[in-house]
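S.K.: So the chains spell out like this:
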Amino acid sequence: MIRRLGLVAGRELLAERRQPDGLVAAVTFIALLVLLESLVVGPVSARQPAVAGALFWIALAFAAILAATRSFDRELEDDALDAIIALPGGRDALFAGKVLALTAVLAIVGAVGGVLSLVLLDLEVALAGHLLLVTALGVLALPTVVVLDVVLALRLRARAALVPILALPVLIPQLVAATQGSASALSGDATGSLGWSALLLAFAFVYAVLGFTIVPAAIE
Amino acid sequence: MIRRLGLVAGRELLAERRQPDGLVAAVTFIALLVLLESLVVGPVSARQPAVAGALFWIALAFAAILAATRSFDRELEDDALDAIIALPGGRDALFAGKVLALTAVLAIVGAVGGVLSLVLLDLEVALAGHLLLVTALGVLALPTVVVLDVVLALRLRARAALVPILALPVLIPQLVAATQGSASALSGDATGSLGWSALLLAFAFVYAVLGFTIVPAAIE
Amino acid sequence: MTTTTFPRALVLRVRPWLGIAAIAAASISTYMSLLWAPPDAMQGDVYRIMYVHVPSAWLAYLAFIVVFLASVGWLWTRQRWFDAVAVASAEIGVLFTALALVAGSIWAKPTWGVWWTWEPRLVTTAVMFVMYVGYLLLRNLSTDFVRRASRAAVLGIVLVVDVPVVHLSVLWMNSLHQLPTVLRASGGPSLDSSMLATLLVSVAAFTLIYAYLLAARVGIELRRHERIGALRDG
Amino acid sequence: MDVGATLRGVTAILDDRVVLREVDLSVGPGLCLLRGPNGAGKTTVLRAIAGLIPLAAGSREIHGDLLALGHRPQLLRGLSAIENLTFLQRFRGVRDAPAVGPALAAWGLGVDLARPVEALSAGQRRRVALARLDTEPCAVTLLDEPFAELDDSAARMLRQAIDRTLEAGRSLLVATHGHPELDLRASAVMRIENGRVVA
Amino acid sequence: MDVGATLRGVTAILDDRVVLREVDLSVGPGLCLLRGPNGAGKTTVLRAIAGLIPLAAGSREIHGDLLALGHRPQLLRGLSAIENLTFLQRFRGVRDAPAVGPALAAWGLGVDLARPVEALSAGQRRRVALARLDTEPCAVTLLDEPFAELDDSAARMLRQAIDRTLEAGRSLLVATHGHPELDLRASAVMRIENGRVVA
Ligand code: HEM
Ligand SMILES: Nc1ncnc2c1ncn2[C@@H]1O[C@H](COP(=O)(O)OP(=O)(O)OP(=O)(O)O)[C@@H](O)[C@H]1O
Ligand SMILES: Nc1ncnc2c1ncn2[C@@H]1O[C@H](COP(=O)(O)OP(=O)(O)OP(=O)(O)O)[C@@H](O)[C@H]1O
Ligand SMILES: [Mg+2]
Ligand SMILES: [Mg+2]
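Keeping their order, the protein sequence lines are chains A, B, C, D and E.
Just add 17 to wherever you are in the first sequence, counting from 1, and you've got our numbering.
Just add 17 to wherever you are in the second sequence, counting from 1, and you've got our numbering.
Just add 31 to wherever you are in the third sequence, counting from 1, and you've got our numbering.
Just add 291 to wherever you are in the fourth sequence, counting from 1, and you've got our numbering.
Just add 291 to wherever you are in the fifth sequence, counting from 1, and you've got our numbering.
Simulated from the structure, these hints should not be mistaken for laboratory data.
Possibly wrong hints are sitting among the right ones.
[To be verified] Sample of chain A residues lacking proximity to chain B, with all beta carbon distances greater than 10 Å (derived): (1) Leu31; (2) Ala128; (3) Leu140; (4) Leu157; (5) Ala178; (6) Ser204; (7) Leu211; (8) Val226; (9) Pro233; (10) Ala234; (11) Ile236.
[Said to hold, decoys possible] Now the stretches of chain A that chain C is said to cover, found in silico as 3 or more residues with beta-carbon under 8 Å: (12) 103-115; (13) 168-177.
[Claimed, not checked] Covered stretches of chain B (chain D as the covering partner; in silico rule of three or more C-beta atoms under 8 Å from a C-beta of chain D): (14) 81-95; (15) 122-128; (16) 189-199.
The structure displayed is predicted, hence computed values, not measured ones.
Idealized CB from N, CA, C, for every residue including glycine.
All chains should be modelled from the sequences, with the hints used to inform the complete structure.
M.R.: This is how it looks when you write it as structure tokens:
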């Protein structure tokens, strides 16, 4: 199982390297969103920790949706997906592998986007360690939900619409937690950021368990 | 020519009605972005005219990119695009028709998104007429550039990434103008909003002329 | 479908009795909440909207938990009537959530001076509403039965996580909204006994109404299943 | 000759690979067959004639209007077969063009017309695409493996459609494997091997 | 029988259209042909056996491992032929499976292996997909119109590959139009017409 999971994730990342649609799309998306915001909002309000954090996490959520959708679009061309699903244990490995790969992609996107926002908005970070922790946990919390919803919307009409409708409400608690967490890390409130991190961890755990147990049943 | 243009646009809108990927995606996208922002940023800063305006226009720009990409993705499935390109006058009609259709879609998205932001953030509008004018001109200014860049990135690898990279920098002046224009319309600065509107009109005109003259050459 | 005949017969038998009981309980609770229960010390009579607001919120919770259970049931046994229960309960739950939202904002106007504010419980409730609208949307967009049922079941299981979030949101973030006064971890209800009694009666009434609607909707859904069955045979 | 298509010294490069090398080819009235192994360049030749790929060198020339059907059905998903074909026909704006409905029915697609094309079987989609032979009669017609996925009766219909086209004195260029029965009808058979016309 | 696949009373509904009605079908060792007009339900039967569509009623049963090739090549774009096939082979985790490179070469794809599959011609892609017959030998193999887009030599290779599979005593279910030569090899020929097995 672990082996197959690794294979799927590896294949995914290889395809990403070849045609970095998802990844580059997500990175540019987040970078441009941050850049534009700071441009049009004006640095003053954009530099408030809450605003900056919110901006970053919303962008990251959309980036995740973007990347996941692209990756499944690619699978649907020439029915590549069918080849995997028809294999024994294909469904489970597919879901888990996609989640793993998306996490890796998001980690990169998050890193780039995070550094960008810090530089562009030159925010000063009170608690770098805590900020890192919150970001890592946030990156862990998003992918399961996103991939799950992409799978549910697979091959349906208007899936491009359905995925955000399904995913974002479910993600709101995580996004709020991540935003508050990074805001308090920026402004130096250690206990706050730790509390929010714990919440993020809990969410990541719950959805991971749920996803891996029930989702494969819904893949065709 | 006009007839063909109409045909392409009609076909596009029909397909959109059948599978409202682009449209619904764009609407939900903008709605959710506004909602999320006001949620995480907190109503106070989200209600500043500049912030609200910026938010709306950035969301609209991304919505436009989303819708345009979806529409060409659909064309690439089963090589539907080739059928049109191979027709006499196909290229010109394709570009113009797509722009027309996207403008229609954006008008709807803009209307919904605009009303939503006004309601959710309950902003009070000082100059409704001017706001309407700015929005209309903004909606006119975006599609040409977006479709143009989608066409240029067509069939290239990582186009999902390329399009925003190409489009957004070009759109920044329009976005700033639109943001400032709507901000001043919201806060009751008539001359300001009119000035920005004029700028928007100029941009719309220039890119329209450019697009219709040079783009068809770039389509295969 | 042999699997649908059993529950359908059951549904048909209990539905009329549920209807009668629901009407009776509803009229009693209406009397109690409008006339019998004393006015509130601070809010006067406005507070009486609580007897609609709170039960509908709680019944929304119940409905979504039922969706969750039915979804598990479907994925486990693949018996069609589980899916019928899921869709029925989801629709009713959305209804009650809307009721809680409306009643809440009607109540908010006089007490807080606004229809709506960005406040954890209000927002989480609204989010819960959107979520299950999304659930129904997914059902409408997916075409053939098995696919729809499985995908909806997965979503129904995932979404239930939000119910505790709504309930606890007031504790996580400092909130304008009423803190738990009845459903409290520590100690008993902190509420005037006659008010509490009225609240409990109206909760009972809402529960019966929920049960009746559920039975009715499940009946409709099962009939639809049998139509597909007929279509398949001929 | 005023009907037909011509390629002169055409070289085509896809992803830095030279796929066609100085291809000279001219399609007169009648049936011209394009044969060759997988990967020889048949599809690329057809796409070059249709102007669907940029030419690295050489020139193309078309007399009269052109209809080019490819490996894939070229139908827009989400729209029905009728909507797709009606659009393409209207776009050409030909006077008194044959009605789409009957044409599709003649290809044995009476019932499925309301459904979006992605809900059709592979062969049904192919039939819809081929119905364009009737709804968009053109001076020059290019077919790329038109027999793929067709059952025997559909294959017969296609042969009849080809005959109709030839009787109308139009030019027809068909790339296909097998189907020796076409050689009898063909006025020219061209053979391509890795990017060169060998016969 | 311990090798083969079985469908029992299978009904399949796609977009509320009943596409298969109580289909009973069992594939024993040897070659079983699936014939029928366009839109009959052949592809749907194969997808049902492969577990790619949900069954509205009935049950499927597979003895041993399964390889299912469809209309489309099922290759992930962006990856090369080798990468695609290696992934699928590794995923099955079979011991001492035949190497991918030689298998592809045997299908006449020696040179093009480094390129992403979308840069292959239609027939070349089909050959890559068919090479899975060698790299993923399975107890049950399903082929959906495997001859489409193949040139004569590739068609010959396919026939040889089919013979190899049969000699190995595995079960093979092939849906195809034409190709009467297969009837000689077939141990059973099943005919489907709108969603029902008629013979
Ligand atoms: C749109 C506005 C409102 C919404 C969406 C809303 C939502 C809810 C929800 C979801 C619950 C169930 C809480 C639980 O037990 O988990 C609830 C309970 C309650 N609400 Fe509201 N509410 C709103 C406005 C108000 C207002 C204005 C008041 C009174 C000033 C109020 C008083 C209460 C009370 C007393 C309870 C019972 C608390 C308990 O015993 O746990 N609500 N509300
Ligand atoms: N997604 C779908 N939704 C609704 N109907 C469908 C869908 N896919 C296929 N069908 C219908 O199901 C029937 C069987 O399709 P199928 O692809 O199995 O036929 P087939 O025998 O493979 O035909 P062909 O020889 O053309 O491949 C066809 O009538 C088709 O219209
Ligand atoms: N996008 C591309 N990039 C690079 N090379 C390509 C591309 N498309 C095709 N080729 C190569 O060009 C050559 C000719 O391709 P083409 O599709 O014209 O062959 P064909 O004669 O149609 O083959 P088939 O009989 O399989 O359809 C093939 O070797 C193929 O590998
Ligand atoms: Mg070809
Ligand atoms: Mg088929």
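S.K.: Taking the hints in turn, state whether each one holds.
M.R.: How the hints compare with the structure:
no.	hint	in the structure
1	Leu31	holds (14 Å)
2	Ala128	holds (17 Å)
3	Leu140	holds (15 Å)
4	Leu157	holds (19 Å)
5	Ala178	violated (4 Å)
6	Ser204	holds (14 Å)
7	Leu211	holds (20 Å)
8	Val226	holds (26 Å)
9	Pro233	holds (26 Å)
10	Ala234	holds (26 Å)
11	Ile236	holds (21 Å)
12	103-115	violated (count 0)
13	168-177	holds (count 5)
14	81-95	holds (count 4)
15	122-128	violated (count 0)
16	189-199	violated (count 0)
The structure fails to meet hints 5, 12, 15, 16 from the earlier list, while all remaining hints are met.
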